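Student: Spelled out from the first residue to the last, the chains are:
Protein chains: 2
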Amino acid sequence: MTVRIGVIGGGQLARMMIAPAVELGLDLRVLAEDEGMAAQLAATAVGDYRDLDTVRAFAADVDVITFDHEHVPQDVLRALVADGVQVHPGPDALQYAQDKLVMRARLAELGVPQPEWAAVCDAAELQAFIDENGGAAVVKTPRGGYDGKGVRVVRAGSEAEDWFSTLSDGDALLAEELVSFTRELAQQVARRPSGDIVAYPLVETVQRDGVCAEVIAPAPGTTDRHVLVAERIGRQIAEGLGVTGMLAVELFETDDERILVNELAMRPHNSGHWSQEGAVTGQFEQHLRAVADLPLGSTRPRAPWSVMVNILGGPTEGALEDRFTQALAEHPEAKVHTYGKAPRPGRKVGHVNVTGDDLDDVVYTARAAADEFL
Amino acid sequence: MTVRIGVIGGGQLARMMIAPAVELGLDLRVLAEDEGMAAQLAATAVGDYRDLDTVRAFAADVDVITFDHEHVPQDVLRALVADGVQVHPGPDALQYAQDKLVMRARLAELGVPQPEWAAVCDAAELQAFIDENGGAAVVKTPRGGYDGKGVRVVRAGSEAEDWFSTLSDGDALLAEELVSFTRELAQQVARRPSGDIVAYPLVETVQRDGVCAEVIAPAPGTTDRHVLVAERIGRQIAEGLGVTGMLAVELFETDDERILVNELAMRPHNSGHWSQEGAVTGQFEQHLRAVADLPLGSTRPRAPWSVMVNILGGPTEGALEDRFTQALAEHPEAKVHTYGKAPRPGRKVGHVNVTGDDLDDVVYTARAAADEFL
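Chains as they are written, first to last, in the numbering used here: chain A, 65 to 438; chain B, 65 to 438.
To be clear, the hints were calculated from the coordinates, so they are not data collected in a lab.
Just so you know, these numbers come straight off a predicted model, no measurement behind them.
Every residue, glycine too, gets a C-beta built ideally from N, C-alpha and C.
Any given hint might turn out to be false.
Between beta-carbon pairs, the in silico distance windows are [what the hints assert, rightly or not]: (1) Ala367/A / Asp424/B: 15 to 23 Å; (2) Gln300/A / Pro368/B: 34 to 42 Å; (3) Asp424/B / Arg68/A: 37 to 45 Å.
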């Protein structure tokens, strides 16, 4: 019997699982939020992932459930598990990707290096944290943030009053040390339910306006020690949190040469898009293999350097098509991946991957191809 | 508007167009022969490709028509063209892939090197050809043969009596010189309607029982002259026959160091499966770009060596699944591509691609992974 993998969420991550699913012969089925989503081709159901009946009906026809995003509520996930559905990553792991306060507390238990942090319930507590941590803090809503949303740098407790005023009783915001970092890195690992883990090369990620703009694999000029530390952190978190499937650990490389955990994602992640062409086993194939409990593939890079540059939405659909053709014409080495999304300014509508022997060349070509869409 | 590409035929070649179509954002639609074909996921219609009304209805909703195979009748193709449908490759080109006698005559006009050949209408004419060509001939039915079917080596005119007896008046068989060759090669090129052509590296193909078993890219130990000759032949045929999309030219490398054209295919071809991982632009993506008249991609190899080994069908579906898991477990470097076909002895149900720096290693791994399915 062909393994049937159900993906909750019809965005670009689900879309990019289609290609490896077809080639491996896995039966991919998507529960999409709407008609016409990025993963439309594999959509076998449309509905609300927060509704247990909808999700339960979808799960009835698959062998394993996985995700395009981390927003499926815990009660829905736990009801599936109680039904006997294979869910990867499972609710116990996903809670750490869903709630940044829970994640910080668990990483502290594991002894994983991370920024100073505290749960703060009001402006006074936040001010106290700021006073103890050099006069500034990063405040985050523990749940629901992504791509820079739900994150704010503050220098006074009062600057988060609007967020505090909407908190329910007993809830808190996450305050984090404003880390002085030289650059951001990301470590990806994949873990099977059976426990096998493989690690990808450590990569450098460049953020602009809180959104991932560019990824270089491997991270240039990294010390051997940092490569080892990052991989160990990735493996430790995957095991310690019981992650199944792909795990992305976003990291700070600090001015004083430490590696600190910034964020976690338990799914294929923007920091791993380079692996589609850049690694023997791309992260979307690896995620499918991991959640289906199939043997994991080699993470060996196919080239000395791989660079990914995101395509952020331009003005109109028509123009995007023309630019697409222009990008292909000017850059025959570029692999252009599109998400089938209507462009809006700043919206991720695709990315470009380039691989090669010379980093400067690879960076130049990837940026130039992505720039055709500006 | 997203380009809509309609593929006639739902086999593995159409299936393998799905992955690049999704990534490029092309809208792939397949007219499949039946439910549950290899390209089922992209099938938007099921019907007989020989029936004009069926094909016309399918073509009404796409921007360009292309093919999984070369069997669509000329009258159907020409009716589409008369309707104003973009058909790539067009009927004028496809006739040369549909009829080996027409192909031989046209290649002779172009001056392309090929085996001695003749149209023979009866056993006496075949005997005369045999007598003139060293006492043997390869007899082929001009139409409908593939994977060794419709091909027979004979040493007497009488050995093809059964085929002659079924010929219509005025029809003939193709008699070809039995070429003494050291090995078989294949040259692929892609050509856009606008005339742009790109060539792939020359590859070596190994046939067993008339079926492609293994491909090595690039062909090991090839002289520079043969590489140039093969590429020139590929370009000359693509231009001379007006091919649009992928063209595969199967070649003999003879004992006396000549390159002769054996067969043509005007679509992605088994000899190019290696390019899925082995080249910057795989042949399925390239075919889509070419038939949609989009700029062609780089054909640069991603590794010094790529090897493709076909998986020929084993006994049962259940066993194939177990072997699949075993192949992934034992060979993390192998890229296993499956066609979603029920296995039958000798039936192509998938292939394995491996790339790397050392030819012996790459050949060993690809064969070992494919052998897991025996």
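Student: Looking back at the numbered hints, which does the structure fail to meet, lowest number first?
Tutor: No numbers; nothing is violated.
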